[in-house]
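Chains G and X, in that order, give the protein sequences.
Note that numbering that gives the first Met the number 0 has the first sequence beginning at 0, numbered continuously upward.
Note that numbering that gives the first Met the number 0 has the second sequence beginning at 0, numbered continuously upward.
Treat the hints as calculated values from the structure; they're not laboratory data.
All of these numbers come straight from a predicted model, not from anything done at the bench.
Do not rely on the hints blindly, as some may be mistaken.
The following label-pair restraints were derived from C-beta to C-beta distances [stated by the list, open to error]: (1) G:Leu324 <-> X:Cys499: 54 to 64 Å; (2) X:Pro255 <-> G:Leu176: 43 to 53 Å; (3) X:Leu331 <-> G:Asp200: 56 to 66 Å; (4) X:Thr386 <-> G:Phe192: 54 to 64 Å; (5) G:Asp200 <-> X:His486: 28 to 38 Å; (6) G:Trp23 <-> X:Ser456: 47 to 57 Å.
Some chain G residues near chain X, calculated using beta-carbon distances under 8 Å [as the list claims (entries may be wrong)]: (7) Ala67; (8) Thr96; (9) Gln288.
Note that beta-carbon positions come from the ideal geometry of N, C-alpha and C, so glycine has one too.
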Amino acid sequence: MAAILEQAEVATEVRPAVAGRNPWLLAGRQLWHNRIAMAALVLFLLIVVVCLAAPLYANHVAHVDAFANNLNGTTVVNGKQVPLLEQGGGVLRLGETPIGPTWDVHHYFLGADSLGRDVAARLLYGGRSSLIVGIGSAVICCVIATVLALIAGFFGSATDSLLSRSMDVIWAFPVYLLAICLGTVLLTHSNGFSVGPVHIDATSLWPPTLIIALIYVPYVYRPVRGQVLTVVNREFVQAAISQGASNVRLLFSDILPNVVSVVIVLLPLMIATTILTEAALSFLGVGVQPPNASWGTIINDGLTLLYTRPWVTLAPGIMIVLTVLALNVLGDGIRDALDPRAKLRVKG
Amino acid sequence: MSRALKAPLKGPKLYTWSTAAAVAALVAAAGCGSSSSSSPAAGQTAGAQKGGTYTILAHAAFGVADPAQNYTLQEWQLLIDTHDGLVQFNRVGGIAGTKIVPDLATSIPQPTNGGKTYVFHIRRGIKFSNGQTLKPSDFVTTFERQFTVPGPTTFYSGIVGADKCSTKHCDLTQGVVADDSAYTLTINLTASDPEFLDKLALPFAYAVPAGTTKKLTGNNVPPGTGPYMWQSYNPNSQAVLVRNSHFHVWSSAAQPAGYPDKIVEKFGQTISDAVTAVQNGQADEVFDGDVIPSDRLNELNSAKYAKQVHVNPLTSTYYFALNTRRPPFNNLQARQAINYAADRSAYVKIGGGPSLAVPTCQILPPNFPGYKPYCPYTAGTDHTKWTGPDLAKAKQLVKQSGTAGMKVVVNSQNDETSKAFAQQMVSDLNKIGYKASTQLLNSSIQYPFIQNSDNSSKWNAAWSDWYQDYPAASDFLNVLTGCGSIHPHSDASPNIAAFCDQKIQAQMTQASNLGVTNAASANNIWAQVDHAVTDQAPWVAYFNPKQIDFLSARVHGYQWNPQWYILIDQQWLK
Chain G
0 MAAILEQAEV
10 ATEVRPAVAG
20 RNPWLLAGRQ
30 LWHNRIAMAA
40 LVLFLLIVVV
50 CLAAPLYANH
60 VAHVDAFANN
70 LNGTTVVNGK
80 QVPLLEQGGG
90 VLRLGETPIG
100 PTWDVHHYFL
110 GADSLGRDVA
120 ARLLYGGRSS
130 LIVGIGSAVI
140 CCVIATVLAL
150 IAGFFGSATD
160 SLLSRSMDVI
170 WAFPVYLLAI
180 CLGTVLLTHS
190 NGFSVGPVHI
200 DATSLWPPTL
210 IIALIYVPYV
220 YRPVRGQVLT
230 VVNREFVQAA
240 ISQGASNVRL
250 LFSDILPNVV
260 SVVIVLLPLM
270 IATTILTEAA
280 LSFLGVGVQP
290 PNASWGTIIN
300 DGLTLLYTRP
310 WVTLAPGIMI
320 VLTVLALNVL
330 GDGIRDALDP
340 RAKLRVKG
Chain X
0 MSRALKAPLK
10 GPKLYTWSTA
20 AAVAALVAAA
30 GCGSSSSSSP
40 AAGQTAGAQK
50 GGTYTILAHA
60 AFGVADPAQN
70 YTLQEWQLLI
80 DTHDGLVQFN
90 RVGGIAGTKI
100 VPDLATSIPQ
110 PTNGGKTYVF
120 HIRRGIKFSN
130 GQTLKPSDFV
140 TTFERQFTVP
150 GPTTFYSGIV
160 GADKCSTKHC
170 DLTQGVVADD
180 SAYTLTINLT
190 ASDPEFLDKL
200 ALPFAYAVPA
210 GTTKKLTGNN
220 VPPGTGPYMW
230 QSYNPNSQAV
240 LVRNSHFHVW
250 SSAAQPAGYP
260 DKIVEKFGQT
270 ISDAVTAVQN
280 GQADEVFDGD
290 VIPSDRLNEL
300 NSAKYAKQVH
310 VNPLTSTYYF
320 ALNTRRPPFN
330 NLQARQAINY
340 AADRSAYVKI
350 GGGPSLAVPT
360 CQILPPNFPG
370 YKPYCPYTAG
380 TDHTKWTGPD
390 LAKAKQLVKQ
400 SGTAGMKVVV
410 NSQNDETSKA
420 FAQQMVSDLN
430 KIGYKASTQL
440 LNSSIQYPFI
450 QNSDNSSKWN
460 AAWSDWYQDY
470 PAASDFLNVL
480 TGCGSIHPHS
490 DASPNIAAFC
500 DQKIQAQMTQ
510 ASNLGVTNAA
520 SANNIWAQVD
530 HAVTDQAPWV
540 AYFNPKQIDF
550 LSARVHGYQW
560 NPQWYILIDQ
570 QWLK
């Protein structure tokens with residue numbers, strides 16, 4: 000033993016001091032140098048900023064109410080006052096067609112929908128709803144899944160079995176079927192519903208946010224739990240246990256920091272997924288409720304106008320594609336930055 | 000009872016339409032339709048020819064095909080070509096098509112025993128499509144199947160013995176008495192029913208062979224006596240009707256021979272695709288219960304399709320039922336306020352514009368027994384038609400009612416049009432100081448949801464529509480606003496608003512009783528009832544729709560019957 004200690008002292012004396020490198024800083028630097036990921040981040044932030052500016056656009060540029068029907072309204076096109084909805088021509092005069100894009104930001108830039116509402120203003124408000132629901136549900140989902148995964152992976156045995164089987168039950172349901180069922184049930188509670196002191200309005204953005212968060216918990220829970228199981232058996236955790244560290248300290252000081260990178264990698268991908276899910280549910284009528292808008296509801300609004308006013312559907316569709324694309328590319332960049340070995344594996 | 004185009008319209012008994020004014024109004028209405036073709040012009044049948052396959056494209060199938068249970072216009076349009084009842088609606092277009100004529104009966108009997116007994120003489124020599132000869136006793140099976148299958152209505156519950164029938168057993172030998180040797184059929188009722196002949200003209204009462212199972216036949220349609228017979232029906236693909244070789248014409252008014260050799264109805268395409276197929280001549284008809292998307296209507300306005308598009312007024316009312324069980328609409332002034340505020344021109348635009356919908360304030364649709372124009376909820380002083388909303392009056396009533404600022408949940412279906420109606424109602428409510436929001440449910444859930452009183456605390460205004468079962472005022476007023484139509488805790492409680500006014504109910508009862516002997520006087524009372532209910536405002540009635548039929552260029556002889564809409568087999572292909 001004495002010989003070993005001597006060797007150690009010698010080694011300490013000889014080895015030059017090495018400055019510690021913060022792994023988060025390293026990851027940040029790598030991400031910064033990933034131009035594609037950075038472009039995706041800029042695009043995503045741009046979309047967020049533009050959507051958050053929806054009230055500014057509606058109130059100060061277009062001067063419209065994006066949520067009130069305006070079937071008998073008028074606007075200005077080429078200096079002339081024209082009705083927002085025009086009765087069909089010919090002998091029969093069937094149908095009412097809303098005005099198409101004017102490409103004038105002050106007067107129905109993308110035209111009107113079949114209720115005479117400004118499509119551009121609704122697109123921005125819709126983006127706000129979609130992003131709030133998408134980001135909100137992804138964050139809630141990741142938080143719940145991480146906490147459950149920590150508990151299941153750390154305590155193991157019966158706790159792990161109970162939580163994992165519960166996740167399996169949720170996973171066993173088709174995602175959209177489960178969401179539609181939950182959405183329909185919540186919608187019929189017109190007075191909202193209460194969880195303890197918290198009251199949730201049935202027509203607010205909370206129901207779709209919570210529903211989407213819930214249905215995706217198993218998708219995050221599983222990889223995080225796997226990482227927890229790996230970390231729990233690592234030497235530094237075992238050392239902390241042997242030194243009598245409390246469970247709370249073990250969970251949040253030793254294990255959580257070593258699994259959080261998995262969650263961070265998953266987060267942008269989950270946001271992309273939840274935005275798509277929100278759009279699908281709103282399209283089906285069980286997500287964001289009218290007169291609130293989301294990209295999914297606007298696509299639905301434009302369905303019967305596909306032949307004559309395709310921009311009502313195309314515009315939110317393009318926004319969804321751009322947002323999801325940006326988030327997926329950003330997610331890949333974050334993964335490469337936080338887990339260089341994964342990149343090497345892909346390359347190798 | 001029907002509340003969507005896919006649910007049937009049931010027809011009228013013409014003798015109740017006795018006033019010349021009503022007939023004149025109908026004829027005028029038919030003439031005013033931009034392209035309405037009620038009946039073929041004189042000489043139009045000259046080039047008629049038999050043969051070919053008439054193809055209809057429908058978005059969805061019509062469910063179980065058993066005629067004892069199916070309650071859709073979609074199947075009824077086919078059943079009238081394959082089956083017959085004791086009586087039938089005259090198989091022609093226009094107002095004449097609402098007249099009841101004898102079909103398998105040789106004549107229409109006058110009821111005896113205070114209107115409770117009908118004796119029908121049955122025609123001899125008529126065969127079912129399976130070769131079996133029609134006998135009066137076949138009708139015993141037909142009516143008993145209404146209870147053992149069971150049917151979706153209570154149309155025949157007035158037959159003696161019906162009250163003891165169940166899905167397991169039914170014995171109507173006292174109520175439906177068949178004499179196969181004398182070829183007579185006697186029907187005994189527990190009480191007189193002024194609408195009984197109308198009910199007999201519906202497909203529920205169409206004859207099937209005596210040996211037909213008393214249980215649901217599912218997608219197998221029992222043999223009938225009409226010019227066609229069912230070759231196949233698969234809800235996932237198509238229904239096919241071919242000629243019945245045993246058929247011969249016994250009454251061209253009730254059951255004329257058909258022109259096409261084969262009638263095929265295909266299911267599953269989008270309506271927009273169906274429009275394209277008909278434009279291209281790949282099919283002959285967009286099923287007239289399917290609503291053509293608004294963005295395709297512009298194409299149909301083209302002169303190219305002028306002869307292929309037909310528009311006809313429907314005896315139907317679209318409305319929002321106001322929940323009279325709970326605030327704010329348990330208050331008369333609040334109900335009247337939203338009626339004043341409703342911008343009916345906006346609803347008309349959502350419904351396809353002035354060519355496809357006409358604003359209304361009242362329960363009964365135009366050209367209907369008992370209809371007298373009435374609209375108290377309009378700007379201006381002319382209370383016979385709606386000219387515009389009166390927001391000042393509406394706000395004043397809201398203030399007087401003390402309901403300003405209350406939350407209002409507007410329930411509707413989540414399809415594009417119904418959703419738009421709900422959003423317009425939200426806009427109208429918000430304009431007069433309420434805090435309104437939508438509650439949009441799938442169409443399969445919404446209608447039973449709003450009918451069931453267990454859900455009445457969850458909504459304040461609910462969208463619905465109603466199409467006539469048969470042209471009798473009671474089919475709207477009594478069924479939809481009568482006290483007897485409130486069935487607590489049931490999904491089948493058609494008085495959605497839960498409106499019950501004993502004084503008005505007494506008037507309804509008086510009109511019903513009078514209808515057996517004096518239809519004209521009864522209809523005058525029904526008109527008073529209509530106006531009284533409108534004053535009490537259990538609904539926001541907003542328009543009466545019109546029907547678009549789109550046919551291929553090779554279809555000739557189009558006729559629009561108020562009861563059955565397109566008379567499919569009376570058209571020929573050239």
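These are the hints, each one checked on the structure:
no. : hint                              : result
1   : G:Leu324 <-> X:Cys499: 54 to 64 Å : 58 Å, holds
2   : X:Pro255 <-> G:Leu176: 43 to 53 Å : 49 Å, holds
3   : X:Leu331 <-> G:Asp200: 56 to 66 Å : 29 Å, violated
4   : X:Thr386 <-> G:Phe192: 54 to 64 Å : 44 Å, violated
5   : G:Asp200 <-> X:His486: 28 to 38 Å : 32 Å, holds
6   : G:Trp23 <-> X:Ser456: 47 to 57 Å  : 53 Å, holds
7   : Ala67                             : 5 Å, holds
8   : Thr96                             : 6 Å, holds
9   : Gln288                            : 6 Å, holds
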